[in-house]
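Model the placement of chain B on the given structure of chain A, informed by the hints.
Chain by chain, the residues run as shown.
Protein chains: 2
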Amino acid sequence: MADNLILGRIDNINHLLSHPNFTFIPIDLSLPVKVHELFQIQTFDVVFHFAANSDIQASAHDPARDLHNTFLTTINILEGMRLFQVKEIIFASSSAVYGYKPGVRISEDSGNLWPVSYYGGAKLASEAFIVSYCYMNNLKSWILRFPNVLGGRLTHGVVYDFINKLSKNPASLEILGNGQQSKPYLYVADLIDAIFYLWLNRRETINCFNIGVDSQTTVTSIADMLCEEMGLRNVEYLYTGENVGWKGDVPEFQYDLSKIHAVNWKSQYTSDEAVGLAIQKMLRN
Amino acid sequence: MADNLILGRIDNINHLLSHPNFTFIPIDLSLPVKVHELFQIQTFDVVFHFAANSDIQASAHDPARDLHNTFLTTINILEGMRLFQVKEIIFASSSAVYGYKPGVRISEDSGNLWPVSYYGGAKLASEAFIVSYCYMNNLKSWILRFPNVLGGRLTHGVVYDFINKLSKNPASLEILGNGQQSKPYLYVADLIDAIFYLWLNRRETINCFNIGVDSQTTVTSIADMLCEEMGLRNVEYLYTGENVGWKGDVPEFQYDLSKIHAVNWKSQYTSDEAVGLAIQKMLRN
Numbered sequence: 336m337a338d339n340l341i342l343g344r345i346d347n348i349n350h351l352l353s354h355p356n357f358t359f360i361p362i363d364l365s366l367p368v369k370v371h372e373l374f375q376i377q378t379f380d381v382v383f384h385f386a387a388n389s390d391i392q393a394s395a396h397d398p399a400r401d402l403h404n405t406f407l408t409t410i411n412i413l414e415g416m417r418l419f420q421v422k423e424i425i426f427a428s429s430s431a432v433y434g435y436k437p438g439v440r441i442s443e444d445s446g447n448l449w450p451v452s453y454y455g456g457a458k459l460a461s462e463a464f465i466v467s468y469c470y471m472n473n474l475k476s477w478i479l480r481f482p483n484v485l486g487g488r489l490t491h492g493v494v495y496d497f498i499n500k501l502s503k504n505p506a507s508l509e510i511l512g513n514g515q516q517s518k519p520y521l522y523v524a525d526l527i528d529a530i531f532y533l534w535l536n537r538r539e540t541i542n543c544f545n546i547g548v549d550s551q552t553t554v555t556s557i558a559d560m561l562c563e564e565m566g567l568r569n570v571e572y573l574y575t576g577e578n579v580g581w582k583g584d585v586p587e588f589q590y591d592l593s594k595i596h597a598v599n600w601k602s603q604y605t606s607d608e609a610v611g612l613a614i615q616k617m618l619r620n
Numbered sequence: 336m337a338d339n340l341i342l343g344r345i346d347n348i349n350h351l352l353s354h355p356n357f358t359f360i361p362i363d364l365s366l367p368v369k370v371h372e373l374f375q376i377q378t379f380d381v382v383f384h385f386a387a388n389s390d391i392q393a394s395a396h397d398p399a400r401d402l403h404n405t406f407l408t409t410i411n412i413l414e415g416m417r418l419f420q421v422k423e424i425i426f427a428s429s430s431a432v433y434g435y436k437p438g439v440r441i442s443e444d445s446g447n448l449w450p451v452s453y454y455g456g457a458k459l460a461s462e463a464f465i466v467s468y469c470y471m472n473n474l475k476s477w478i479l480r481f482p483n484v485l486g487g488r489l490t491h492g493v494v495y496d497f498i499n500k501l502s503k504n505p506a507s508l509e510i511l512g513n514g515q516q517s518k519p520y521l522y523v524a525d526l527i528d529a530i531f532y533l534w535l536n537r538r539e540t541i542n543c544f545n546i547g548v549d550s551q552t553t554v555t556s557i558a559d560m561l562c563e564e565m566g567l568r569n570v571e572y573l574y575t576g577e578n579v580g581w582k583g584d585v586p587e588f589q590y591d592l593s594k595i596h597a598v599n600w601k602s603q604y605t606s607d608e609a610v611g612l613a614i615q616k617m618l619r620n
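Protein sequence lines correspond, in order, to chains A and B.
Sequential numbering from 336 applies to the first sequence in the numbering used here.
Sequential numbering from 336 applies to the second sequence in the numbering used here.
Mixed in with the good hints there might be a few duds.
For lysine to aspartate or glutamate, the following EDC-like pairs were computed, each having C-alpha atoms within a straight-line distance of at most 16 Å [what the hints assert, rightly or not]:
1) K475/B <-> E539/B
2) K436/B <-> D444/A
3) K436/A <-> D444/B
4) K422/B <-> E539/B
5) K616/B <-> E564/B
Worth flagging that the hints you see were computed from the coordinates, not collected in a lab.
Bound-form chain A, shown alone (with noise of 0.2 Å):
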């Protein structure tokens, strides 16, 4: 495993830092020299790439980062799998991808891919190298598109930041937005085994999929669930009142699952029992 720990925390894999098929590999992948050594000193049958900043948020007003982290990282592992003739690349893409596209359910086949943000932007382009990287040097790919996805090792999105604001004020709850942006969120767990299914059981040259859930939750419910566990009453909720939290979010999607459902995956949890679960296991840590 590589990770530069920008967003990542070595605290959440200090669990398997000795196990014997384990490697952590301290290195920024935007960077071609770094991953070039990589594929230099190390093996692989496949990679998983999910590197990228995650903080769509904090991208707003510095393209950069998701130039760097979310699409030259892709560029710099194709170039290694090119030249050290790795064949098989899992992408984390992202519900990002398709835009604002309020009242649709959104399936992999859809056109008109307009993402709002740098980040969905980086995303579709690293999508789009992914393809002809697989097209010209007889590559497998799995593009998979993740919803929201929530776990007990969160480092920000909605779930962090309000158990961090509250820790910190538990009288009065700033909610970005209007607080009924509406998402589905996919249990973490429940993500890991979409992802494997797919790999083993689908392997076309192109395997694109929506991972996700049928359910959503709105970032109200979000905050309810999460005073209730905190056992926090008449917290004051003070919504900033645009429809979207910040510049580049989506305020509401929905997956069409259509294809993951036909080969036989569906999520365990619902997107509310994701939010419960991600919420307990927070607040223990």
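Below, chain B without anything else, positioned relative to chain A:
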């Protein structure tokens, strides 16, 4: 006008250099610092971004060409526009973004855009970033997907190659592929007319259009037309045999042009006429 003169030729703009409203700046747009300087010293109302590695064949063994000259030129220009408040970009995209979709008339809102060349990947990746920059910075973009374009000032491509080969050896002609690769060829004057027409008449945030011609021409027909125009008889055609000319080549494609026809634009010349005109002009030069 800015160009690195790697594929472009100063001879092609000699007649413009003395025009009072024309400035030529010889810079490499793949270098961020140079592009930043360009935006510092010049004021732009609009950017026509046509800079790219337009030689798909050449990049097949060197994807860095398309990363730098096709994709990073776009990023550098978008950053210049963001920082210096330039609000409109006309982008030379390509049929290559669609990948290989035989037997289908491809419309702008097609899904599964799976480019088979690094060039197509870099063009699609450029589109992705252009769209996200538009939404994040209130820009307008014209994403114009060009077909094969011909004119009297070619620097590469099938007509150019055939003229070179026949000039050296008028007895035989090597034809990459089986000669049945069939594509729509647009005459350059038609292309320029379409670009300005769409820029002046369509003013959405994202204006994405196929620009093309309904008819198409096979590679063997091009050879036939060229031999006739050069007065060569009984030239032996030596086919290399595959159904694609080179890795990353798309042997046939046809646009759905409903969208551009619906705004009342049609090309003046057919594909065969475009080939004929380009051959005449190339031979005269």
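Verification of the supplied hints:
1. Among the hinted pairs, K475/B with E539/B is consistent with the structure: their alpha-carbon atoms are about 7 Å apart, no more than 16 Å.
2. Proposed proximity of K436/B and D444/A is supported: the alpha carbons are some 14 Å apart, at most 16 Å.
3. Restraint check for K436/A and D444/B: satisfied, since their Cα atoms lie roughly 14 Å apart, inside the 16 Å limit.
4. Pair hint K422/B plus E539/B holds up; C-alpha atoms about 12 Å apart against a cutoff of 16 Å.
5. Taking the CA atoms of K616/B and E564/B, the gap is about 11 Å. The hint holds against a cut of 16 Å.
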